[in-house]
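Starting from the known structure of chain A, arrange chain B on it as the hints suggest.
The residues making up each chain are set out below.
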Amino acid sequence: MAEDGINSFMTGPDEQGRFGIFGGRFVSETLMPLILDLEERYEFAKTDPAFWAEMDDLWKHYVGRPSPLYFAPRLTEHLGGAKIYLKRDELNHTGAHKINNVLGQIILARRMGKTRIIAETGAGQHGVATATVCAKFGLQCVVYMGAHDVERQAPNVFRMRLLGAEVIPVTSGRGTLKDAMNDALRDWVTNVRDTFYCIGTVAGPHPYPAMVRDFQSIIGKEVRWQLAEQEGEGRLPDTLVAAIGGGSNAMGLFFPFLDDPSVNIIGVEAGGKGVDARMQHCASLTGGRPGVLHGNRTYLLQDDDGQILEGFSISAGLDYPGIGPEHSWLHDTGRAKYVSITDAEALEAFQLSCKLEGIIPALEPSHALAHVIKLAPTLPRDHIIVMNMCGRGDKDIFTVAKHLGFDMKI
Amino acid sequence: MTRIDAKFAALKAEGKKAFVAYIMGGDPDVETSLAVMKGMPGAGVDVIELGMPFTDPMADGPTIQLAGQRALDGGMTMDKVLGMVTEFRKGDSTTPIVLMGYYNPIYSRGVERFLTEATAAGIDGLIVVDLPPEEDSELCLPAQAAGLNFIRLATPTTDNKRLPKVLQNTSGFVYYVSITGITGAAAAQAADVAPEVARIKAQTDLPVIVGFGISTPDNAQAIAGIADGCVVGSAIVKDIGAGKPVAEVLANVAALAAGAHRA
Numbered sequence: 001m002a003e004d005g006i007n008s009f010m011t012g013p014d015e016q017g018r019f020g021i022f023g024g025r026f027v028s029e030t031l032m033p034l035i036l037d038l039e040e041r042y043e044f045a046k047t048d049p050a051f052w053a054e055m056d057d058l059w060k061h062y063v064g065r066p067s068p069l070y071f072a073p074r075l076t077e078h079l080g081g082a083k084i085y086l087k088r089d090e091l092n093h094t095g096a097h098k099i100n101n102v103l104g105q106i107i108l109a110r111r112m113g114k115t116r117i118i119a120e121t122g123a124g125q126h127g128v129a130t131a132t133v134c135a136k137f138g139l140q141c142v143v144y145m146g147a148h149d150v151e152r153q154a155p156n157v158f159r160m161r162l163l164g165a166e167v168i169p170v171t172s173g174r175g176t177l178k179d180a181m182n183d184a185l186r187d188w189v190t191n192v193r194d195t196f197y198c199i200g201t202v203a204g205p206h207p208y209p210a211m212v213r214d215f216q217s218i219i220g221k222e223v224r225w226q227l228a229e230q231e232g233e234g235r236l237p238d239t240l241v242a243a244i245g246g247g248s249n250a251m252g253l254f255f256p257f258l259d260d261p262s263v264n265i266i267g268v269e270a271g272g273k274g275v276d277a278r279m280q281h282c283a284s285l286t287g288g289r290p291g292v293l294h295g296n297r298t299y300l301l302q303d304d305d306g307q308i309l310e311g312f313s314i315s316a317g318l319d320y321p322g323i324g325p326e327h328s329w330l331h332d333t334g335r336a337k338y339v340s341i342t343d344a345e346a347l348e349a350f351q352l353s354c355k356l357e358g359i360i361p362a363l364e365p366s367h368a369l370a371h372v373i374k375l376a377p378t379l380p381r382d383h384i385i386v387m388n389m390c391g392r393g394d395k396d397i398f399t400v401a402k403h404l405g406f407d408m409k410i
Numbered sequence: 001m002t003r004i005d006a007k008f009a010a011l012k013a014e015g016k017k018a019f020v021a022y023i024m025g026g027d028p029d030v031e032t033s034l035a036v037m038k039g040m041p042g043a044g045v046d047v048i049e050l051g052m053p054f055t056d057p058m059a060d061g062p063t064i065q066l067a068g069q070r071a072l073d074g075g076m077t078m079d080k081v082l083g084m085v086t087e088f089r090k091g092d093s094t095t096p097i098v099l100m101g102y103y104n105p106i107y108s109r110g111v112e113r114f115l116t117e118a119t120a121a122g123i124d125g126l127i128v129v130d131l132p133p134e135e136d137s138e139l140c141l142p143a144q145a146a147g148l149n150f151i152r153l154a155t156p157t158t159d160n161k162r163l164p165k166v167l168q169n170t171s172g173f174v175y176y177v178s179i180t181g182i183t184g185a186a187a188a189q190a191a192d193v194a195p196e197v198a199r200i201k202a203q204t205d206l207p208v209i210v211g212f213g214i215s216t217p218d219n220a221q222a223i224a225g226i227a228d229g230c231v232v233g234s235a236i237v238k239d240i241g242a243g244k245p246v247a248e249v250l251a252n253v254a255a256l257a258a259g260a261h262r263a
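Protein chains in written order, with this note's numbering: chain A, 1 to 410; chain B, 1 to 263.
Hints were generated in silico from the structure; no laboratory data involved. Treat the hints loosely; a few may be bogus.
Selected chain B positions facing chain A (Cβ under 7 Å, derived; list incomplete) [to be verified]:
(1) Met78
(2) Tyr103
(3) Tyr107
(4) Leu153
(5) Thr155
(6) Thr157
With a straight-line Cα cutoff of 30 Å, these simulated DSS-like cross-link-like pairs (lysine-lysine) come out [stated by the list, open to error]:
(7) A:Lys46 to B:Lys80
(8) B:Lys80 to B:Lys7
(9) B:Lys165 to A:Lys46
C-beta: ideal position from N, C-alpha, C; glycine also.
The shape of chain A in the complex, shown without the other chains (with noise of 0.2 Å):
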């Protein structure tokens, strides 16, 4: 398509992993050698029948997909507009979008001869994720993360020492995904000879973007064959939806629509308390500013010497003040747009959907389905939207019993 020039949004990244000025390789030395081996025994994967013969298997088998594409009938006629769909990525096993991508990453890493996996998480659905298919395979898990994320998620904790991961709670920084993905490489590059870091979003250093998108990329792949065979032959979507924090399940239902111009696409951030001079927002994109940070160039929340903020969001899975250098690149050259969605107006959603679906959303995709609540009712009853509902509430029931006044001692 021709657009600013460019003739494809699906060709990067570049030899050198950035998507224009975005994503590169910001490591230390100590590491270099290994992205590149990573990256190569990547390339080879990626074209080998073997690996994503074994890859379906247990996507079909193991995680349960394809994930249903449920026309949501209620939620349509509530919004009175837009005819609205919803990828029902929270029926994988574990209960998010985050094991497509884990999936992957282990086979790889088992290929690579590695025994040791670490992670990073927010919410602890990546977490549980990887305990989970490292369990599967008998190899050794250590999940960093934050010591107050370990506190407002303490199910996902208990879900994955019940795994058998070793969950290492970071005091480090100020105790959140950031410094949990710090205390991550720290490890990394002391146990670099034995261990895969299995990294849970579309960031981080060259080739984990574009790896973690092809993983993830299932997600739109299979939207565009169940939209056909719900709406006929070669209708695609005309709008899709998707929340961000880092961004993978956002990019995993954008990318195989990058090149059909017709497709709006648009990412929601986390507007937190609001995206204004008091900082207390995860939007990077609408907040942000470009910056390094965790092996890539990408738009930061960050202070004007170039010191990384904190993010602030009602989702810990969101909590994040980077964004994938992909979504940047696509910001920057406007084929996607991206809007942020508050605390309130997530909380709001994660209702409705309750009431009117029968699905208890997580909060990350109820900031989706806010940004669609407010969309919808503008558009024509044949417009189509497809939304992500990337993962299930039951992880958030505390959090929101709390925003709510509702006492869960019984």
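Positioned in the frame of chain A, the structure of chain B alone reads:
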């Protein structure tokens, strides 16, 4: 020729090993860290590594992480780090100063502006942990063009195939990281490090200085003995973190320097 090149030429002529010492700029405040910095040459420090604090120091252990946090909590900024160097240069025009840290505060300021200000302040070289050779066009090449040394880290995972790429745009000296790990980690054994240093020296004429995991005068002597010198950071930063008086901090620095110079 930078002050770094001149210093190593002089040390070589004397048959002496180099002692490189690190402190975090502004830890716990500008006044204290400037006092330590000013006392360093007298305590036997040949090259000063001045840390630029960063919120997310991925290659550093707890000691230097906390030092960065203390500095930032005390209101440290890039302007103030550069200001410390300007102030130091008023009384010392020969001791080389290497700025060490992470890329984002430099990128945020703008590379061109940063290089102009760093050169004007009297900085001689840069060590930027998260800029491998693959990202040389970001800062390494512009810094060399501006007359600064760009000192690269070589590590145990840098194999012989990769080493030429690492050495290619390195100047001043090569900083060999003695362990796979973070600063302040377990001590490296001289016997393990010696063949690695020899491996690097076979491919470069630059001095090879070894750092990470060196904390006592004996360590310093042993490691300096198998290289062109050694770096001590966390052991000094720990004293500052413990609130020891400047004189006591410098006494320990002098003991470490004496260890390295005995080699």
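Status of the hints after comparison with the structure:
1. Met78: holds (6 Å)
2. Tyr103: holds (5 Å)
3. Tyr107: Hint holds; B:Tyr107 Cβ to chain A Cβ min 5 Å, cut 7 Å.
4. Leu153: Check passed: Cβ of B:Leu153 comes within 5 Å of chain A, closer than 7 Å.
5. Thr155: This hint holds: B:Thr155 lies near chain A, its Cβ roughly 4 Å from the closest one there, short of 7 Å.
6. Thr157: Interface hint status for B:Thr157: holds (5 Å vs cutoff 7 Å).
7. A:Lys46 to B:Lys80: Answer violated: A:Lys46 to B:Lys80 is near 49 Å, above 30 Å.
8. B:Lys80 to B:Lys7: holds (26 Å)
9. B:Lys165 to A:Lys46: Satisfied, since the Cα-Cα distance of roughly 27 Å is no more than 30 Å.
Consistency note: the structure conflicts with earlier hint 7 alone.
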